[in-house]
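J.: Here are the chains, one letter per residue:
2 protein chains.
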Amino acid sequence: MGVLIVEHKLGFIHANAGIDRSNIDQEKDIVLLLPEDPDLSAKKLSESLSKHFKKNISVIITDTMGRPFRNGIVGFTIGSHNIECLIDERGNKDLYGNTLKFTQIAIADELAAASSLLMGQAAQKKPVVLISGYKFMQSDTANAKTLIRSEEEDLFR
Amino acid sequence: MGVLIVEHKLGFIHANAGIDRSNIDQEKDIVLLLPEDPDLSAKKLSESLSKHFKKNISVIITDTMGRPFRNGIVGFTIGSHNIECLIDERGNKDLYGNTLKFTQIAIADELAAASSLLMGQAAQKKPVVLISGYKFMQSDTANAKTLIRSEEEDLFR
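Chain order of the listed sequences is V and Y.
Oh and the first sequence: position 116 is 1273 in the numbering used here, straight run, nothing missing.
Oh and the second sequence: position 139 is 1296 in the numbering used here, straight run, nothing missing.
Treat each hint with caution, since some may be false.
You can't tell identical chains apart in this list, so a pair holds if it fits in one copy or across any two.
As the list claims (entries may be wrong) - Each computed DSSO-like pair below joins lysine-lysine, with the alpha-carbon atoms no more than 27 angstroms apart:
hint, residue 1, residue 2
1, 1250, 1292
2, 1250, 1282
3, 1200, 1258
4, 1292, 1211
5, 1250, 1185
6, 1258, 1282
7, 1283, 1250
8, 1166, 1292
9, 1302, 1292
Hints listed in this document are in silico derivations from the structure and should not be mistaken for laboratory results.
Isolated chain V (complex conformation) (with noise of 0.2 angstroms):
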């Protein structure tokens, strides 16, 4: 038993992510893996599920990981469709009128965060999550992958 901290092959880094062997039979000799392209996956569902509800639903896939300096698992995104992950405040004004001047959100990790309070870790059952009211910006060619930080900007490594 012990941690691993796995860079994903999609670009993700965690601890203790990426394979999974809980919530599923352990009987078996099988291991849970990510969706091999989670912003497809997304499109997919989200294509469907706006066709058979005939709204303009947009998805967020999500997993929970580990993160440097900070204990416990948070939700996060690993794959989207129809929605800005990252909102870019930068150039807008704050109270004082001054310019941001890096201020970019990645709203789509705090809207799985949110979601993973109500889908919890163990057996709740609860895959999906219907986030309504939240006011976020649709694209059609937005997707997860500008959530991952490229390795030469990330002055953390």
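Based on these hints, arrange chain Y on the given structure of chain V.
T.: Structure of chain Y alone, referenced to chain V:
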């Protein structure tokens, strides 16, 4: 204009956090710091709000932070009172009756991320979010220091 990775004396490690010049008057030569003892501030707020409203009110104080490996900032917890920040699912069973070995959930950080969606980062003027309906564990002694991973236990370092 640069980016700093800062280890705050309170134990937080972030990019561009802990010392803020946004949402203050930049004509004055001042910066905005974190509370000196965020758990104590949360305790005082919790006690005075509980007294005023004659209800048992728990408090989470949040900030937003940049993260390793991922783009965008998210809300997280810097101080708290009367809420277990970390839910320990270790020893509990999953859907198949398997015992969870690692799972501790940083629910205070997930609540902070959820509330951050409503607070915004620019000129929204929403410094307080009321969370209701979420079943958390109350605790007189719990605080947000449980969310900070000790250097010895941090495989990412």
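J.: Hint by hint, say whether it matches the structure.
T.: Here's how the hints hold up against the structure:
1. 1250 x 1292: Classified as within: same-chain Cα gap 19 angstroms, cross-chain 36 angstroms, threshold 27 angstroms.
2. 1250 x 1282: between (43 angstroms within a copy, 12 angstroms between copies)
3. 1200 x 1258: Close neither inside one copy (32 angstroms) nor across copies (33 angstroms); limit 27 angstroms.
4. 1292 x 1211: For residue 1292 and residue 1211, only the intra-copy Cα distance (19 angstroms) is at most 27 angstroms; the inter-copy one is 33 angstroms.
5. 1250 x 1185: Between. Shortest inter-copy distance 17 angstroms satisfies the 27 angstroms Cα cut-off; intra-copy 56 angstroms does not.
6. 1258 x 1282: between (42 angstroms within a copy, 19 angstroms between copies)
7. 1283 x 1250: between (39 angstroms within a copy, 15 angstroms between copies)
8. 1166 x 1292: Classified as neither: same-chain Cα gap 32 angstroms, cross-chain 37 angstroms, threshold 27 angstroms.
9. 1302 x 1292: Within one copy only: 21 angstroms inside, 33 angstroms across.
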